[in-house]
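So the sequence lines, in the order shown, correspond to chains U and P.
One rule links them: number in my numbering = place in the first sequence (from 1) + 53.
One rule links them: number in my numbering = place in the second sequence (from 1) + 34.
One or more hints might be untrue.
[Claimed, not checked] Under the rule of at most 20 Å between Cα atoms (straight-line distance), these lysine to any residue pairs were calculated in the SDA-like manner:
hint, chain 1, residue 1, chain 2, residue 2
1, P, K174, U, K81
2, U, K118, P, K174
3, U, K81, P, D115
[Said to hold, decoys possible] One side of the interface only, derived from the structure: several residues of chain P facing chain U at Cβ under 10 Å:
hint, residue
4, G66
5, V76
6, S85
7, K100
8, F108
9, Q114
Just so you know, the hints here were simulated from the structure itself, not pulled from any lab data.
Built from N, CA and C at the ideal position, the CB exists for glycine as well.
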Amino acid sequence: MKNWKKIAWSIFAIGLVSAAVILYFATKKPATAEDSEPVAKFSTTEFIEKLNANQAAVTATYMDKNIAVTGNVMEVNKNQCSLVLDAGNNAIITCTFDSAVFAKHAATFEKGKPASIKGIYFGCDGFEKNDFNDMMDLLPQQKSAMMKTCSVNK
Amino acid sequence: MKKMKKLLFLSIAILSITTAIAQKKLYSTTTGTTTFDAGTGVENISATNKSTTSVFDAVSGQMQFKIMNKGFEFWSQLMQDHFNENYMESEKYPKTMFSGNITDIKKVNFSKDGTYPVTVKGTLDMHGVKKEIQTTGSFKINGDQVIGTSSFIVALADYNIEIPGVVKEKLAKTVKINVTCNYSLLKQ
Numbered sequence: 054m055k056n057w058k059k060i061a062w063s064i065f066a067i068g069l070v071s072a073a074v075i076l077y078f079a080t081k082k083p084a085t086a087e088d089s090e091p092v093a094k095f096s097t098t099e100f101i102e103k104l105n106a107n108q109a110a111v112t113a114t115y116m117d118k119n120i121a122v123t124g125n126v127m128e129v130n131k132n133q134c135s136l137v138l139d140a141g142n143n144a145i146i147t148c149t150f151d152s153a154v155f156a157k158h159a160a161t162f163e164k165g166k167p168a169s170i171k172g173i174y175f176g177c178d179g180f181e182k183n184d185f186n187d188m189m190d191l192l193p194q195q196k197s198a199m200m201k202t203c204s205v206n207k
Numbered sequence: 035m036k037k038m039k040k041l042l043f044l045s046i047a048i049l050s051i052t053t054a055i056a057q058k059k060l061y062s063t064t065t066g067t068t069t070f071d072a073g074t075g076v077e078n079i080s081a082t083n084k085s086t087t088s089v090f091d092a093v094s095g096q097m098q099f100k101i102m103n104k105g106f107e108f109w110s111q112l113m114q115d116h117f118n119e120n121y122m123e124s125e126k127y128p129k130t131m132f133s134g135n136i137t138d139i140k141k142v143n144f145s146k147d148g149t150y151p152v153t154v155k156g157t158l159d160m161h162g163v164k165k166e167i168q169t170t171g172s173f174k175i176n177g178d179q180v181i182g183t184s185s186f187i188v189a190l191a192d193y194n195i196e197i198p199g200v201v202k203e204k205l206a207k208t209v210k211i212n213v214t215c216n217y218s219l220l221k222q
């Protein structure tokens with residue numbers, strides 16, 4: 054009888070732990086740049102130069118990682134909670150924020166002024182000949198690196 | 035005589051290029067918002083991408099969109115991982131593209147404030163499958179501000195996105211997609 058009780062309690066305990074683990078992973082929020090420290094810091098031009106030199110290597114090293122970039126603010130889009138940083142040579146870095154994080158820092162973002170932003174890097178694209186070939190006769194070719202869940206890097 | 039011919043040819047070439055440029059008026063954005071809702075009511079399965087790249091020509095109506103799939107943000111890490119690894123296969127198909135035309139662009143008066151309904155027709159290239167779609171949308175003109183919005187539904191099966199049996203109750207067979215872009219006139 055005692056053995057049965059032990060087995061029942063063990064099954065219950067294993068079930069409880071499994072449920073807790075499943076619940077944890079199912080409800081775990083995605084990592085944001087706000088809650089972590091960047092693994093690398095660059096100027097915006099430096100980061101674009103790295104991408105121009107070897108995009109595959111940058112993807113392998115920094116994809117889905119928190120990185121920080123510093124450059125001049127080109128656009129502040131309050132409605133979309135995003136910033137566009139100038140990276141020189143027809144290149145930009147697009148930084149998108151959670152609305153609450155953006156609201157916290159919005160007053161410090163000024164067009165033409167420098168900003169240091171950390172965010173999760175998720176790719177580099179922009180207006181490129183291969184994708185926008187029908188309209189490229191007038192559209193300036195523009196490389197755009199993208200970061201999400203951004204915050205100000207202090 | 036030869037010189038005259040050359041000069042005439044050059045003038046025609048310059049005139050053609052100038053006319054082609056004058057006939058285009060491009061609006062663009064790199065920070066458009068695309069959201070989708072794929073829930074059935076059992077669980078919230080929705081995501082937002084705030085880095086939608088888009089351009090359209092206010093003269094011809096030509097329009098293009100590009101979305102990096104990895105830019106979609108979910109409320110749950112697990113959902114985000116499943117979306118990128120199992121459903122969209124973002125490593126293999128990193129972008130979703132749309133290329134088409136606003137068929138009734140002439141109805142939009144970009145110099146007069148107001149909301150103008152439009153029809154968009156073109157090819158949606160998603161998960162390695164290209165499919166013709168048609169949808170309605172609108173342009174809201176407010177001074178220099180041009181906001182384009184559209185909402186449409188796609189069937190996951192049309193784009194070879196398989197739903198595993200275990201999540202069939204939670205994940206809808208059709209997905210509602212909303213796009214909002216705040217365009218700026220491209221200085222030429």
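Hint-by-hint comparison with the structure:
Of the pairs offered as hints, the one joining K174 (chain P) and K81 (chain U) is violated, with about 38 Å between alpha carbons and a cut-off of 20 Å exceeded. Simply put, K118 (chain U) and K174 (chain P) have alpha-carbon atoms about 37 Å apart, too far for the 20 Å limit, and the pair is violated. Between the alpha carbons of K81 (chain U) and D115 (chain P) the distance comes to roughly 11 Å, so the proposed pair stays at or under 20 Å and holds. Because the closest C-beta pair between G66 (chain P) and chain U is about 8 Å apart, less than 10 Å, the hint holds.
Checking V76 (chain P) against chain U: minimum C-beta separation of about 13 Å lies over 10 Å; hint violated. Interface hint status for S85 (chain P): upheld, as the beta-carbon distance to the closest one in chain U is roughly 5 Å, under 10 Å. The beta carbon of K100 (chain P) comes within 6 Å of a beta carbon in chain U, closer than 10 Å, and the hint placing it at the interface holds. Proximity of F108 (chain P) to chain U holds as hinted, the smallest CB-CB distance being about 6 Å (cut-off 10 Å).
Satisfaction of the interface hint for Q114 (chain P) is found here, the shortest Cβ-Cβ separation to chain U being roughly 5 Å, below the 10 Å cut-off.
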